[in-house]
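Peer 1: Construct all of the structure, not just a fragment, from the sequences and the given hints.
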Amino acid sequence: MSDDTESKLDFIRQIVADDIAAGTHGGRVQTRFPPEPNGYLHIGHAKSICLNFGIAKEFGGKCNLRFDDTNPQKEDVEYVESIQEDIRWLGFDWDELHFASDYFPQLYEWACDLIRKGLAYVDSQTTEEIRAGRGTATVPGTESPYRSRTVEENLDLFARMKAGEFEDGAHVLRAKVDMASPHLIMRDPLLYRIRHAHHHRTGDDWCIYPMYDYAHGQSDSLEEITHSICTLEFETHRPLYDWFIEQLGIFKSRQYEFARLNLTHCLMSKRKLLELVNAGVVDGWDDPRMPTICGFRRRGYTASSIRSFCKEIGVTRFNGLTDMVVLENSLRHELNQTAERRMAVLNPLKVVLTNYPEGQSELLDAVNNPEDESKGTRQVPFGRELYIERDDFLEDAPKKFFRLAPGREVRLRWGYFIRCDEVIKDADGNITELHCSYDPETKGGHAPDGRKVKGTIHWVSAEHAINTTVRLYDYLLAVENPADIPEGDNWRDALNPESLVELQDCKLEPSLKDAVPGEAIQFERLGYFVVDSKASSPEQPVFNRTVTLKDSWTKKSSQ
RNA sequence: UACCCCAUAGUGUAACGGUAGCACACCAGGUUUUGGUCCUGUUAGUCGAGGUUCGAAUCCUUGUGGGGUAACCA
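When the letters of the first sequence are read in order and numbered with the numbering used here, they come out as residues 1 to 559.
Calculated directly from the structure, the hints in this document are not laboratory data. It cannot be assumed that every hint is accurate.
Claimed, not checked - Pairwise CB distance ranges (calculated):
#, residue 1, residue 2, range
1, A132, S558, 56 to 64 Å
2, D113, Q337, 55 to 63 Å
3, A478, R116, 54 to 62 Å
4, T136, R116, 31 to 39 Å
5, L190, P497, 40 to 48 Å
6, E143, K8, 47 to 55 Å
7, V479, R116, 47 to 55 Å
8, L549, T236, 44 to 52 Å
Note that beta-carbon positions come from the ideal geometry of N, C-alpha and C, so glycine has one too.
Peer 2: In C-alpha cells, the structure reads:
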C-alpha cells in the first residue's frame, strides 16, 4: 500500500485529482460505500470498498458507510453487522456511519416539495397498469389518468399514504417527468410505495418507503458526497440522479460509474448466494467456497491479498472477466513470504525403514520459512515408520518421475536419503506399505560422497503424527464464465460437484497442534492451509486448503 | 429494432495527438533440500472502413461486436 502514489491513476482517481486541482468543493473529497443490508459482502464489494475508502485515504478525504436500507422486506440487522465486520477486516474504517432510513423524514418533506412544485403526483393505477403505461424501449409511454391531480389532492393523498390509510399497492408517488423520454428511467419514476412492513431500524414508524432512485442521490447530497461512485448498471439512472438534485436545489453530488468485478468460477449475485445458503448447498455465508468476504476469510485468504488484488485489476468502464488465478496469485505471492512451512501427508502410504533401529526416534531440524530466515527452525520427529504421500510413489515410474520408485533413491525433506527395496501388497494387489532402507550418512539431506538425488519428498513420523481431517476446496462453479449459466431454475447444475473433498486420517507433523484459525501455513509441496474456524476443536484441528501451490509436474505429467 | 456505455497480446490494464509498455497466464532455459520461490529469454495486441493531422490506440463519421436500461429491488 506504500506505492500508491507511484501507480497510474485510474479514471475515477483522475477525476478526483482534477477536481482537487480545480478547487471543486474547495478541494474536499467525500466518498461513501452504500451497501444494502440484504446479504453478505462479496469480493465484488471489496473492489468498491477499496475504491471508495482508498480514494478517501489517498486524497485526504473522507468515506462514509451508509446502509441503503429502503426495502424493509429484504433487510436485516444480521447483514448490517456482518457488513461492518467485513469492512473492518478488509482494513478500512468509515468516518461517519449513516442509514438511508435516518433520512426518511427529510425525504418525505422533499417529496411534498416536489408535489407543491407540480413535479410529483400520486398514481392509483395497479402495478400492471403502471408497467403497461411505461411503454417499451421503442414505444413511448402513456400518461397516467391520475397524472393531473391537483397539488392539494396529491398532498392529501400522500399524507394519508403515510398515515397508513391504504393497503399495500393502492397508491404510489411518482415524479412527473416525461412519459415519452427515450430514457426509460425518466418515464415518471416511482418515488414511494406503500409497504406495511417492519423496518429493522425505524420499526413501524413508516408504511411508505422511498425507492432507490429517490433515496440514494438525496442521501449522497445530505452527506455532501463529492464523488458518488457506483457500478455501471446505474449509469442510466444518472439523468434522474441529477434531476432530483436540480429540482430540489440541493448539494450537487456527482455520480461516476465503473465496471463491477466479474470473476471466473464465481457467482456474484446476492440472490443466488442467498439461495445456496438457504438450500444448504454450502455451509452458510462463510462457507470457504463462497466468494463472500467472510468465505474468503474462513478459506484462509488475507485481507492484504484481497487489497492488492483489487489494486492489480484496476478500475475501468470495461465489462470484463477477471481470471480467478489473479486473485490466487496475489495470495500466493504474499503467503510465500509470510507463511511458515510444515509437513503434512494427505493421502498416506506407510514406509518402514528396515535398517532403522526399532523403538528408536530422533529430532531433525527443519527450516520454518526459506524466504525468511528470521522465522528460524523447528524440530521434527523421525522414526522407523513414516508416512509419505501416495502420489510420491510409482511402481512403474517414467524416467522423469523424480520421486520414489522400486530401487530408486529419494530425499526425505530435512531427513535422510531412502531407497525403496520392496513393495508390500494385499491380496487384491493394492500397495499397503513400502520397505525402504535409509542411509545414516545422509542426515539433514546431504550425501558426504556427493551423490545427488533429484527428488525431495515430505513425510511424517507415524508414531508422532496428528491424525485429522483436511478439506480440499475447489471452484464452486464448474463453468468458467458465470454469465454462461442460463437463467432459470437449473442454474445450480453449473455447480462443481467436487468443490469440497474431505480427507480423513491425514497425517500431520506434531507441531501443527498449535495452529490457530487465521494463521496461514504452507504444507510443503501441497499448498497453503488454515485451521477451520468452525470445525476445529483444541484437541483436533481441521484444516482447509486455501490454495494449492503452483504445480508444473501434474501439468506436465498429464500431457 | 429506443437510449446509454464499452472495444489495446490469452486475461486484466497503461500510453492524456509524438518510440504501444506492465502484470498474470503461456512456452523455453537457469538456480534450487518444496516439480514451490527466484532469475533470464521467447511468443503475442490497438475490432473493420473512411476522415482530420506533419503525425491517430488516442479526435470525427460510420460499420461490427459486447454490455446495460423497460422491479411498487438496490
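Peer 1: Compare the structure with each hint and give your call.
Peer 2: Taking the hints in turn, this is what the structure says about them:
1. A132 / S558: 56 to 64 Å: Once the Cβ atoms are compared, 58 Å apart, the range 56 to 64 Å for S558 and A132 holds.
2. D113 / Q337: 55 to 63 Å: With a Cβ separation near 58 Å, D113 and Q337 satisfy 55 to 63 Å, so the hint holds.
3. A478 / R116: 54 to 62 Å: holds, 57 Å
4. T136 / R116: 31 to 39 Å: Since T136 and R116 have Cβ atoms about 32 Å apart, the given range 31 to 39 Å holds.
5. L190 / P497: 40 to 48 Å: holds, 43 Å
6. E143 / K8: 47 to 55 Å: holds, 49 Å
7. V479 / R116: 47 to 55 Å: holds, 54 Å
8. L549 / T236: 44 to 52 Å: Roughly 45 Å apart at Cβ, these two residues keep to the hinted range, so it holds.
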